[in-house]
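Participant: Construct the entire structure; sequences and hints are all you get.
Order-wise, the sequence lines are chains A and B.
Counting in the numbering used here, the first sequence runs from 1 upward without gaps.
Counting in the numbering used here, the second sequence runs from 1 upward without gaps.
The reader is advised that the hints may include incorrect statements.
On the chain A side, residues computed to face chain B include the following (Cβ under 8 angstroms) [unchecked claim]: (1) 371; (2) 373; (3) 596; (4) 597; (5) 620; (6) 630; (7) 640.
Honestly, the hints are just simulated from the structure, not real lab data.
Computed from a predicted model, the values in this text were never measured in an experiment.
Just so you know, even glycine gets a beta-carbon here, dropped at the ideal spot from N, CA and C.
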Amino acid sequence: MAAHPDSYDLLKSIIHLSTSSIHIETKLDGMLQTISDAFESDRCLFLRPDKINENGFLSRLTSEKKTLWVEEVSSFNKKEVLSEEEDLLCPSFVCIPLYDETSSQGILYIGFSKSRRFSPQETDLILLIAKEMEEVIRNVHLHQKAEQTISDLTALHEMGKAVTSTLKLEELFELIIATGLKTLKAKGGVLRVLDRRTGELEVKCSLGEYHLNPLDEKIAKRVFHTRTPFSLHHFSGEKPSLSILCAPFLSKGKGFGTLTFYDKEADPPKFDERDFQLLLTMANQMSCAIENALVHYETSEIARQHEKRVKQLSTLWELNKALLTTVNFERIVHMTLTAITIGDGLGFNRAMLFMVSEKKRILEGTLAVGPDSAEEAGRIWSTLSQRKGNLSDLIAQIQPSPETNSILNSIVKGIQIPLEQEECILSRTVLEGRPFNIRFPYSEVGIESESTRSYRTDSHREGWLQIHCERGCSLGSEVGCYVSEHLSRDPKVYSFATMPLWGKGKVIGVILVDNLYNQNPIADEDIQFLSMFTNQAGLAIENTILYRNLEEVHQELKETQALLVHQEKMVALGELSTNIAHEIKNPLVAIGGFARLLEKAKPVEDPEKQFYQAIIKEVARLEKVLDDVHTYTHDESLAFKEWGLRHILEDSLAMVSEGVHFEDIQLVKQFAEGLHKVKGDYHQLKQAFSNLISNAYQAMNGKGTLSIRIHPILKNGSSFIRVEVEDTGKGIDPENLHNIFNPFYSTKDGRLGLGLPIIHKIILSHQGQIEVDNHPGEGVTFIITLPPLAGGDSEEGGKAKEQPLKIVLEASQ
Amino acid sequence: MKKILIVDDEENIRFLYKTELEEEGFMVELAKNGEEALEKLPLFKPDLITLDIKMPGMNGIETLKRIREIERHLPVVMCSAYGEYKQDITTWASDAYVVKCADLTELKTTIRKLLGLL
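Facilitator: Quick look at the structure:
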């Protein structure tokens, strides 16, 4: 031994170094230097585990944990020594493997240029120092591990803080990727979440281009389905190196997504086991956060939908409230279309209504609401946006007048489409009872109520679109052309939707909507909303139609009732008059008969003769009154035969003029030649005309002109015979004019005139009409029109339906 | 001399008809209802009957039916205050129908026609 180091000083300096707070490398260097100085060695080295070749003798020493003491190199078995290890073969050397509880820490090597012996004291001392070095390295490792753990924990804490900081899904995904990238020092990452509707994994967030690699999706799917984390490190061959870590997001044993990171920012870019564990911990932690956020997202999505529904429902409610304000068809139709076009309502630009006419089997344009031009649209919208108040009030207040005069409305009102024209979308909407959404010229989409099956026509579109429109308008009818024409747009790029209007169990019309001015696309959702509204509107419209029919029927009923009451009066009057007349007539006949006998017996010069004559005359008058009452109140069976009116009028004239001379009355007869015969009862017609002529004579009070004219006329496309009886009397007092045909009406002088009611009744029973052209103070003309044989011979002896009486009034001049 | 049976429930009418028709040269017998008329028919053997329709007891129409059972071809003139059954009666049984009137011209003319005196 050349020198004996002072073991106390040596240990003191070693311990001093070991406990100092200097860096581990410096510490080890210092310790090696101290050893070298103390033992006067030539080389003193600390060989790290990664510098030790596996097949060499150093490796064997490490695995055997055996200390090697070589005092004379020549005695050392060099068989195991590798070439690079030959350098270490000094004449004398020591190799001490250092290790902690689990693994090797390296080898302490001390080499001497001369052979030497190691005293037991030196051996102990070196081993002691080696132990100290072991301790130092172990401490450092522990320290490093602790620091690593702390940094991991910090990272996780940070991540935990980050992921709980937001409930917004997009933000959360970005945060997860960013934090993961930072913690793992990865170059890129991909986050996928399961789309519940499609059942596919969807990339929600990614950094780098890794998600474009098909391998990425493959790995993600595998990890997702197996619910097992996966790592892959690829560093050989010609392919670029690759390091992948992938972990599933799990919730209650079910996977709902994956998190993948790529390539560590290190050389080599390889993740180690610790990174993998960290990722797993991260994924666990994030699962909860993502799940929370997903639940939150879904909840708010549902809430948003609910809110929308509520808004739609309240809009519907408002609109329906407005619809309930009226039962007038025109108003309700206008309100419906207004509701569809108003911004707060359904918000379409224009709406057109076509109603089904069952009788004619056509669709009739009924109403259109919407501006005629884009400028007008803007003006209307700005006015509407300034209005305030309830939607229902707003709609209920809108008056139909201004819009109904629009060009669009007049065009739509002129449109008629046969229902059988199946090429036309409007007809098809009725026939198939479903909406159509024509998004662009050739992409027609039908909306099914249950499934949104897209509709395709078999034939080439252009074909059926153009069948009835040379210009190829997509409605397949005039509508598209007309509607588009005045807008000077190409009908081929006209997008619109149609909606059937359901009444009770049947389609009663079609509503056509478009967004011509703002060009907003019509979404399926809009159609659904429209459908909800039109279902209500359809019922309301149906109701107004029913109400209108009901009113008509009610009116008819009222008229029928009035007629019945009238007829009942007649029956009552008939019974009464029959009874009374019998009681009166027999004595009257006796009185009149005996008066005639007495009068006959009296000589001409007897002054009493004229008394009898007066009795005879008055009795005759009474008999006439009784006969009139009887005729009016009894429906005698009529003998309908063919008669020439001319003949009947001549007979009537003869009957009235019999024995009477009106010297100052001029009779003017204008009878047309070649008149058709009429079918009727001779006696009744004669009674009617003789009554008319008799009235005329009486009205003129012995002086004037009586004109009787007969001529054919054309009325409602068929020919009639017209008889005019004109006098130049006083005319009829306008006050009485409306009651002249009323049998119970007596004039001011108290006389019950049954003449005109009888005429009226007879003419009506002959399916004719009677009109009065009255000129008070100048005269009156009675105009009777009778159907000729050709037109009026249907009901033999039947009673014609009572027709409304037409009275022509003319004020006196 | 032609014989006429006058059937009417009104005494004054019977009296008036009797006076007027006797003045015309007919032999007149009276009956105040259907039953009396049927009693007198085989005894009086009239050439013509004037028959009122509305009578208490057996009315004119019923009486006409019974007369037709006995005398199928005897001329019968129905006399009534109004023409209510005119169509029915003339088509099946009676020979004439005259609406009662203070002026008996029509009745007399009808009777003469039926008896072949015109």
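Participant: Looking back at the hints listed earlier, which ones does the structure fail to meet?
Facilitator: Hint check: 1, 2, 7 fail, others pass.
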